[in-house]
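Novice: So the chains spell out like this:
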Amino acid sequence: MRVMVSSNGPDKDSLIDPRFGRCGHFVIYDCRTGKLEVRPNLGQTASGGAGVVAAQQAIDEQVDVVITGSVGPNALPLLQRNDVAIYSCENVTVGTALELWKKGELELVDTAGPDHAGVDIAQGRRFPKGGR
Amino acid sequence: MPRAGASLRGADELNIAILSGKGGTGKTTVAVHLAQILGAAYIDCDVEAPNGFIFLQPKPLTEESTTIDCPYINPDNCNQCGLCVEACQFHALISEKRQISLLDRLCHGCGACQLVCPNQAISFYKRAIGHLEYGIGRNLSCYRGVLNVGEPMATPVIQALLGKIPDGLNILDCPPGTSCSVVKVLQYASAAVLVAEPSAFGRYDLAAAVKLTQQFSIPRGVVINKHTKGDGKLEDFCQQEELEILGTIPFSRHAAETYSRGQDMRLVPEIAAAFHHLATNLKEHFLWNL
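From first to last, the protein sequence lines stand for chains A and B.
In this text, residue positions in the first sequence follow the numbering used here: the first is 1, and each later residue adds one.
In this text, residue positions in the second sequence follow the numbering used here: the first is 1001, and each later residue adds one.
Bear in mind the hints are in silico, worked out from the structure with no lab data behind them.
None of these values were measured; they are calculated from a predicted model.
For glycine and all other residues, C-beta sits at the position ideal for the given N, C-alpha and C.
Heads up, some of the hints might be wrong.
Keeping only pairs whose Cα atoms sit at most 20 Å apart, straight-line, the calculated EDC-like set for lysine to aspartate or glutamate is [what the hints assert, rightly or not]:
{"no.": "1", "chain 1": "B", "residue 1": "K1211", "chain 2": "B", "residue 2": "D1231"}
{"no.": "2", "chain 1": "B", "residue 1": "K1229", "chain 2": "B", "residue 2": "E1151"}
{"no.": "3", "chain 1": "B", "residue 1": "K1211", "chain 2": "B", "residue 2": "E1244"}
{"no.": "4", "chain 1": "A", "residue 1": "K103", "chain 2": "A", "residue 2": "D120"}
{"no.": "5", "chain 1": "B", "residue 1": "K1059", "chain 2": "B", "residue 2": "E1133"}
{"no.": "6", "chain 1": "B", "residue 1": "K1097", "chain 2": "A", "residue 2": "E107"}
{"no.": "7", "chain 1": "B", "residue 1": "K1164", "chain 2": "B", "residue 2": "D1264"}
{"no.": "8", "chain 1": "B", "residue 1": "K1126", "chain 2": "B", "residue 2": "D1167"}
{"no.": "9", "chain 1": "B", "residue 1": "K1097", "chain 2": "A", "residue 2": "E90"}
{"no.": "10", "chain 1": "B", "residue 1": "K1097", "chain 2": "A", "residue 2": "D13"}
{"no.": "11", "chain 1": "B", "residue 1": "K1211", "chain 2": "B", "residue 2": "D1167"}
{"no.": "12", "chain 1": "B", "residue 1": "K1097", "chain 2": "A", "residue 2": "E61"}
Here are a few chain B residues that sit away from chain A, every Cβ distance over 10 Å (derived from the structure) [stated by the list, open to error]:
{"no.": "13", "residue": "P1156"}
{"no.": "14", "residue": "Q1159"}
{"no.": "15", "residue": "P1166"}
Have a look at the derived ranges for each label pair, beta carbon to beta carbon [what the hints assert, rightly or not]:
{"no.": "16", "chain 1": "B", "residue 1": "V1149", "chain 2": "A", "residue 2": "R32", "range": "45 to 53 Å"}
{"no.": "17", "chain 1": "B", "residue 1": "V1149", "chain 2": "A", "residue 2": "G124", "range": "25 to 33 Å"}
{"no.": "18", "chain 1": "A", "residue 1": "P77", "chain 2": "B", "residue 2": "A1011", "range": "27 to 35 Å"}
{"no.": "19", "chain 1": "B", "residue 1": "G1232", "chain 2": "A", "residue 2": "P77", "range": "49 to 57 Å"}
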């Protein structure tokens, strides 16, 4: 099993980044080897469709599980159709998240979070989708 | 991407774009009244939330669908080589475990996927994203575009709309802001009228809109709407930036009530006078500059 965690940094002591499409790094834990691999999130700098690019990366890396804060409406069905289970976790390190996952203490995600959540957070918008 | 100076407008069109930066300053108010005074065609380019027809009530309306060519991938020919996924600049194609799939709302219809496909697996189908409407209202030719609810891309509908407007004088009622929708309208504009309101937010967004029009090297002027004596900061800003103030429309509660009933604001005498002066100054200023 390969488990992909959206992360603020490149190792197990980095904090989880809750934004699947816009996080800086993915830390991938391979259950077979017990090793951690780090990848830059290819979707981070995409002008649009960041969640799509991140989901494509997850498919290409052949992961079975994603651990993140929330996943947007483009990425969610892509991950689900490609046999990836999504778990929600925030405010802990990557290492702790993996421990919680192994103990079965994380919640499975089956609905999409809001679109562009990562962009809104980065631009300081706590209550997005305001009027014109 | 806009190329400043590469205009898309027809050779015999005189297109005046009404834009603002901040929303709610009075673009549509200015546009529908100016169009009537000047006898121009009224074009509502705010395809996400068009509102000009509420005032002009054109009838009858002819409609025409706007479509984008999206790829259909034939599973018999596709070997999932992934070249189309790599070629797509908009991340609309995904290489899934068992197939290549399309996220249709991200597709810009550029056709790059078909160009790179080595297996003739890609053909195109037309996906409707909105429609155009045309009618006669208050003796004016009225055109507008309407983007389907949920569609993220307004520019293809705006482009289809502006490809269909008549020769002669056209008032282009722009979307709010300074995003790619407004840029798309400016690619067709001969001149720009910036509608400003005397508030701090208004000034800030006006500065952004002015900067945008400068990218297009077209003559511009400002209309101050909802004008009161106030702190004069807006007038100072215009003087600083060497922006011609084409007219001011006074703040008037009576005018707002008239407007809220969908009536012609020129029923209020001071508003009628303000629009008359605006139209005169506009003709002088832009005819000289064009």
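Novice: Going back to the hint list, which numbers does this structure go against?
Specialist: The structure conflicts with hints 1, 2, 4, 6, 7, 8, 9, 10, 11, 18, although it agrees with all the remaining ones.
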